[in-house]
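Chain A is fixed; fit chain B onto it per the hints.
2 protein chains.
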Amino acid sequence: MNSSFPSDSVGLVKPQTYVFDEPLELACGRILPRYELVVETYGELNRTASNAVLICHALSGHHHAAGYHSPEDKKPGWWDAYIGPGKPIDTNRFYVVALNNIGGCHGSTGPRSINSATGKPWGRDFPPLRARDWVHSQARLAAKMGIGQWAAVVGGSLGGMNAMRWALEYPDRLRHCVVIASAMKLSAQNIAFNEIARRAIQSDPEFHQGDYLSRETLPRNGLALARMIGHVTYLSDELMGTRFGRELRRGTFERGLEAPIEFQVESYLRHQGDSFSGSFDANTYLLMTKILDYFDLAREYDHNPVKAFGHALCKFLVISFTSDWRFSPKRSEEIVDALIGANRDVVYANIESEMGHDAFLLPNPRYESVFRTYMAKVADEADKLARGN
Amino acid sequence: MNSSFPSDSVGLVKPQTYVFDEPLELACGRILPRYELVVETYGELNRTASNAVLICHALSGHHHAAGYHSPEDKKPGWWDAYIGPGKPIDTNRFYVVALNNIGGCHGSTGPRSINSATGKPWGRDFPPLRARDWVHSQARLAAKMGIGQWAAVVGGSLGGMNAMRWALEYPDRLRHCVVIASAMKLSAQNIAFNEIARRAIQSDPEFHQGDYLSRETLPRNGLALARMIGHVTYLSDELMGTRFGRELRRGTFERGLEAPIEFQVESYLRHQGDSFSGSFDANTYLLMTKILDYFDLAREYDHNPVKAFGHALCKFLVISFTSDWRFSPKRSEEIVDALIGANRDVVYANIESEMGHDAFLLPNPRYESVFRTYMAKVADEADKLARGN
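Line by line, the protein sequences are chains A and B.
When we follow our numbering, the leftmost residue of the first sequence carries the number 614, and every step to the right adds one.
When we follow our numbering, the leftmost residue of the second sequence carries the number 614, and every step to the right adds one.
One or more of the hints may lead you astray.
[Stated by the list, open to error] DEER-style ranges, computed between Cβ atoms:
1) ARG883(A) <-> ILE727(B): 30 to 40 angstroms
2) SER617(B) <-> GLU875(A): 49 to 59 angstroms
3) ARG643(A) <-> GLU829(B): 37 to 47 angstroms
4) SER880(B) <-> PRO873(A): 32 to 42 angstroms
Honestly, the hints are just simulated from the structure, not real lab data.
Because the structure is a prediction, the values reported are computed rather than measured.
Each residue gets a CB set at the ideal place from its N, CA and C atoms; glycine is no exception.
For reference, chain A alone in the conformation it holds in the complex (with noise of 0.2 angstroms):
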């Protein structure tokens, strides 16, 4: 490891292949005869296997949870912040099992793979997949990896409804949840952003009908667009206000001037949009998005988020942000509820942070101690039944 990693980083990571040659049935109907999955781990595996944590990833989220890739890596994985020596998930005492999922576009199998039975690039063609598709893809990878039980399945957003759907589908093989900044489905208005990124790549003539690969090009203007929608929408006003107020960039309010006028928070989003485009996978995004939209928690169940949770067995840590308004506090509130009324064991804060959606993935003292009490309390219980009492 090299010595200038800080203390508390997992250090140099390095992602894994799995690969499963056993056909997956999709929640669609389809088959999906073959897939890999990109895995990260950190920290040991104890004895009994009773130490695992699964971290389910968000949107544009991937397998690189924590640590560096190489020496020369400045930027570490997406949740550094809470995955390490000593922090929340603490891999001195867990095993953390990070993962690309299908779909995805970091190396696992999605659009941008190639679809065996064409030997061509999966592209529009990959099968349209719902959360419960990643939960059977993740059973296998545990059962794989010798995980019998996850000590936690831990995800935010996107990443807490797959692992409140591993609760309901193999309600015996985990015995924690934590569903971070999430909701049991989406309202209206975030369907209706999601169409609109959606539609901002569709609309792109670079796009060809989601067929780009093949015709060597990429609809980047579509997808920055997407990113911006997102992005903003992943903030708070506050934070907006308080991190670009009304700076100008370029250009001055003197009359007088050509320079067109340029707000210091136009020229943020533009490079957000840029960078993102160059590296994500515009079909992923679609796919991403409309497993968004479908999710919804209760739906098998008569509707009813009671009875739904009343086939989990696990217990549960529900967190929300003050200033979330894409997943505000209320939808938190409406699945702890629903576990209250289940009888289910479940533990609830909610944040106050100025940071919006994106406070689940920074740095937060609260939060930071309320994750850090539930998940030493899940490490004990670990330990307990690695010591076979």
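Here is chain B on its own, set in the frame of chain A:
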């Protein structure tokens, strides 16, 4: 008048065009050599011209604020709910003047008009405008109409900014200023949404750097996207939930079906975007959103709103709506605080509504009642002045 129009309608109305040949010096330093304003009026101007009310429109508004353009016309003007005989802006008592502002695309001089210097449409060469340019062009219109002092200048959203600027530029030429769902300046979040909308237009390949008219094409997709973004932010999350919920328009969540699922809200938004993009001008949209972004009531008053309003002489009515998150009640409270600080006469009402920013256009008994009561006093005052006491 067609008897089939409602009895509280102003009935059949006809726009008139006023031509101004005197050059208008703009805030940007450029000169508009001549311009035309399309105007509608409702009611009768009294003997002393003391009962004239100016209606300032918002981003996508125009001169057709009330009544019908033909006996077959199904849809009245955009503020018909509030302008008419017996309505809050009572045409039995007021002479109401509504216009399309310069820069607009409904008949007044704007990017679609012919630039007499070139013989071609202005297009992207139309000069950038500020709200004060509208005020100056409206002041000339008032002079031409023989209106020395408005009984009231009234506007919602961007129109409210226009109305406030009136109070500072020509303090002695209005007695009342009605500011509805507006703000002294946009927040960074608001600017961000506008920037995304502009980028959607500008990245449409049919935009041709604003030169689409001479190429006989239109950036329809970009404009539709821009409208969709605006539309979602003008509605509240609650309203969208009530109106659309998660209802499906087509498709089904049952597995095995290939038909893509589509939520009601998706098709509604697409319809909104597509119908707007067929009628509105993209360069006008860019120009109008820039006026919104640049507007900063107190910029030339040492950024001190109290100092700014110290220059006003009129009385104020300020109205906001609880669920309006684009121009939130907090923004209106800032206006009210500054007015109180400047010792101005102000009435403020925060109206309970779940309609979001669009509430200012829609029927609402409490809003109507506050507005009606205030305007009745404005009309009493106008009558008094007409009687010469």
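Here is how each hint holds up against the structure:
Taken as a hint, the range 30 to 40 angstroms holds for the pair ARG883(A) and ILE727(B), whose Cβ atoms sit roughly 34 angstroms apart. Look at SER617(B) against GLU875(A): about 51 angstroms separates their beta carbons, and that is inside 49 to 59 angstroms. A beta carbon spacing of about 44 angstroms between ARG643(A) and GLU829(B) agrees with the range 37 to 47 angstroms that was offered as a hint. About 36 angstroms separates the C-beta atoms of SER880(B) and PRO873(A), a value consistent with the hinted range of 32 to 42 angstroms.
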